[in-house]
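Enquirer: Residue numbers (numbering that gives the first Met the number 0), protein chains in the order written: chain X, 0 to 106; chain Z, 0 to 550.
Because the hints were derived from the structure by calculation, they are not lab data. Predicted model, so just to flag it, every value in this text is computed and none were measured. For glycine and all other residues, C-beta sits at the position ideal for the given N, C-alpha and C. Misleading hints may appear alongside valid ones.
[As the list claims (entries may be wrong)] Taking beta-carbon pairs under 8 Å as the criterion, some of the chain X residues facing chain Z (in silico):
no.	residue
1	N7
2	D11
3	G12
4	V14
5	L73
6	R74
7	R78
8	P82
9	T83
[Unchecked claim] Below, in silico cross-link-like pairs of lysine to any residue (SDA-like), each with a Cα-Cα straight-line distance of 25 Å or less:
no.	chain 1	residue 1	chain 2	residue 2
10	Z	K36	X	R8
11	Z	K476	X	A63
12	Z	K477	X	Y58
13	Z	K36	X	A6
14	Z	K476	X	S70
15	Z	K36	X	R10
16	Z	K36	X	L46
17	Z	K276	Z	N191
18	Z	K36	X	R51
[As the list claims (entries may be wrong)] With beta-carbon atoms standing in for the labels, derived distance ranges:
no.	chain 1	residue 1	chain 2	residue 2	range
19	Z	E17	X	E42	28 to 36 Å
20	Z	V2	X	D20	51 to 59 Å
21	Z	N440	X	D20	53 to 61 Å
Now for the letters of each chain:
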Amino acid sequence: MPFILSANRLRDGAVVYFAQDNSWSERIEDAAAVPEDRVGKLEEAGLDAEARNHVVGSYAIEVAASCPPYSTRLRERIRSHGPTVGDRQTRTAVEDHQSRPMGGPEG
Amino acid sequence: MYVYDSLDKTLLNQRVAEFRDQVQRRLDGDLTEDQFKPLRLMNGLYLQLHAYMLRVAIPYGTLSSDQMRKLAYVAKTYDRGYGHFTTRQNIQFNWIELSTAPDLLYDLSEVDLHAIQTSGNCIRNVTADPYAGAAADELDDPRIWSEVIRQWSTLHPEFSFLPRKFKIAVTGSEADRAAIKFHDIGLKIVRNNEGVLGFAVYVGGGQGRTPIVAPLIKAFLPAPDLLRYLDAVLRVYNRHGRRDNIYKARIKILVDSMGADSFAAEVASEFNRLDPKLLSVRDDDVSRLRDMFAQPYLRPDPDSSSSFEDLVKKSPRLGPWFKSNAHPHKTPGYSIVTISLKPIGGIPGDATAEQMFGIADLADRFSLGEIRVTYTQNLILPHVRQADLFVLWQELERLNLATPNVGLASDIIACPGLDYCSLANARSIPISQRISERFANLNAQHDVGPLDIRISGCINACGHHHAGHIGILGVDKKGEERYQLTLGGQGNGESAVGKIVGPGFDEDGIVDAVETVVSTYLSLRTEGEVFSQTLARTGQDPFKERLYDNR
Ligand code: HEM
Ligand code: SF4
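Isolated chain X, as found in the complex (with noise of 0.2 Å):
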């Protein structure tokens, strides 16, 4: 399975990937996906990223190879959508949250 890199934003701690044109972008869709075998080089960018003072914090996901990239893992698919339960407190973000799980913009 292929991976991706992703990261806080030192700026405002923000979850971003690191993306095909060496940016670094908040959604998901626009990360770049690697082999195995190039997890390494993935992770040099990290650390250079974070050495210039952009992210900190980088690493490593593996991911499905679908469109966006999926982990397995519950904690990064809450990091690339959003907390479950919507961000506000009333009954109407559970509610959307039940209609379209896991996806759909924050609030």
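We have chain X already, so just place chain Z with the ligands on it with the hints.
Expert: Using the frame of chain X, we list chain Z with the ligands on its own:
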């Protein structure tokens, strides 16, 4: 309420300026993440799953209406319009940016709020009985003594790098509404036979991986000796606490391994070595604080209760709310009102900015501008005239804050869990939402009676699951969320650690399991028996049978 003096204010301003400089140096690349992380944690700023999270201290759970307004403003300006009240009488903001955090802290400092010592291996925010100053059964106001502790522990150089975090809770009543025996130090205000004011001192309680109910270390400590004794406890801990193993670093492990008696003996000899002149709490300091916390005179208004009771009879919806959310005040004709932050299907402890602004206004109108935060993640208006209760209730309904469920099945404690927390194994909030929806019928909840359901997303136990009548612990089993069920914990008044009933459940299964436990109780209970009494009488077996037999 305590009002910051120029010393407090200077300290706060200096701290904000210092942090602003540290953040700038980090953003400019002059500090590495390894250098910066401890500095941001000292200012309550964590990095969680989706963003930075800021934990703001609410010392001993007391807020003024202006402070609440500022929290609402922060929620609106720096976050996504809401905040999360926690079991430690703190508030957490989940969507904070590093670059604007110094501005946020500056705004908070204008109303004497801060995030100092809300993280790290230091003495954390002191918690207290949320009924402080209003409860009829109170011997003395625990906030006075909590403030003494706050002043002593703030930036205390000797106790800033303890083996692990350190939490102190104070109650002034026999009824423990602050879960003091689940703290590193729990203080209960008592009087000895001569009527002298002092403390019963419990040391070495805690939750987490190793839940322990704190043993009594000293039955009577005269009040002026408070700081000298706390100093001695902290010194013994600092000297012998395990720094080699984070899982064994809390004081509870030390007290447990030494034995309460020898721990107490070592504290006593340290106490004797310490200079009483330096550490005695001075009478004039205490009376100054006592004046600050003294509430304005409330005119007893006994007639108001009887007319209110007529209203309760007339309005079928007001009755249940009054029954579960109002508590007698020490002044006749007044109530201590709990604002439930547990709407059916909502997120326990969350409040929107609009709700916070609304609560601040209601506190000004009806409760001398005072608000309290409870460790059960609710809010309190401590001094409400019963003649005002009907209007207050209507206003709370308008804000979606009048759920009549305090102490009942849907008044669930839940930690942020995997939806927000980077340490989590499983989600907590959705489980609490589904359970509260399962028990949405309020008549049924009132029929079930007092029931504490508590959920943590990992063994750190921030959701107090060990102390719930029904406790739920999220675990990770080969990448799947699983939930362990414990029964028999007590955190409200009594203290006890629950026991695991058997194999865990999946997300659907745990919601059904809670319902099975409750229906088993209903079938077993005798007249007038509450859940914890039935469980104590029958033991877990009948519950286990119903939970696991037909699987
Ligand atoms: C989301 C960020 C949080 C992190 C990283 C965090 C971390 C931890 C850790 C590591 C422990 C175990 C400490 C030990 O046993 O030595 C703990 C305990 C605890 N936390 Fe949290 N927690 C978080 C949020 C919360 C929240 C939201 C609450 C309140 C709802 C809370 C209240 C507590 C309590 C009451 C305990 C157990 C008491 C104790 O033994 O100290 N924490 N937390
Ligand atoms: S109990 Fe675990 S999951 Fe819940 S807030 Fe604490 S550390 Fe996070």
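Enquirer: Give a verdict on every hint.
Expert: Results for each hint:
1. N7: This hint holds: N7/X lies near chain Z, its Cβ roughly 6 Å from the closest one there, short of 8 Å.
2. D11: 4 Å, holds
3. G12: 4 Å, holds
4. V14: Status holds, d = 6 Å.
5. L73: Nearest chain Z Cβ about 6 Å off; hint holds.
6. R74: 6 Å, holds
7. R78: 5 Å, holds
8. P82: Since chain Z brings a Cβ to about 4 Å from P82/X, closer than 8 Å, the hint holds.
9. T83: This interface hint holds because 6 Å falls under the 8 Å limit.
10. K36/Z / R8/X: 14 Å, holds
11. K476/Z / A63/X: Answer holds: K476/Z to A63/X is near 20 Å, not above 25 Å.
12. K477/Z / Y58/X: 20 Å, holds
13. K36/Z / A6/X: Cα-Cα ~16 Å, so holds.
14. K476/Z / S70/X: This hinted pair holds, its Cα atoms lying about 16 Å apart.
15. K36/Z / R10/X: Given pair K36/Z, R10/X holds - Cα atoms ~14 Å apart, limit 25 Å.
16. K36/Z / L46/X: Distance ~17 Å between K36/Z and L46/X Cα, so the pair holds.
17. K276/Z / N191/Z: Holds, because 23 Å separates the two Cα atoms, which is no more than 25 Å.
18. K36/Z / R51/X: 16 Å, holds
19. E17/Z / E42/X: 28 to 36 Å: This hint holds: roughly 35 Å between Cβ atoms.
20. V2/Z / D20/X: 51 to 59 Å: Check passed, 56 Å falls within 51 to 59 Å.
21. N440/Z / D20/X: 53 to 61 Å: Given about 55 Å between the Cβ atoms, the range holds.
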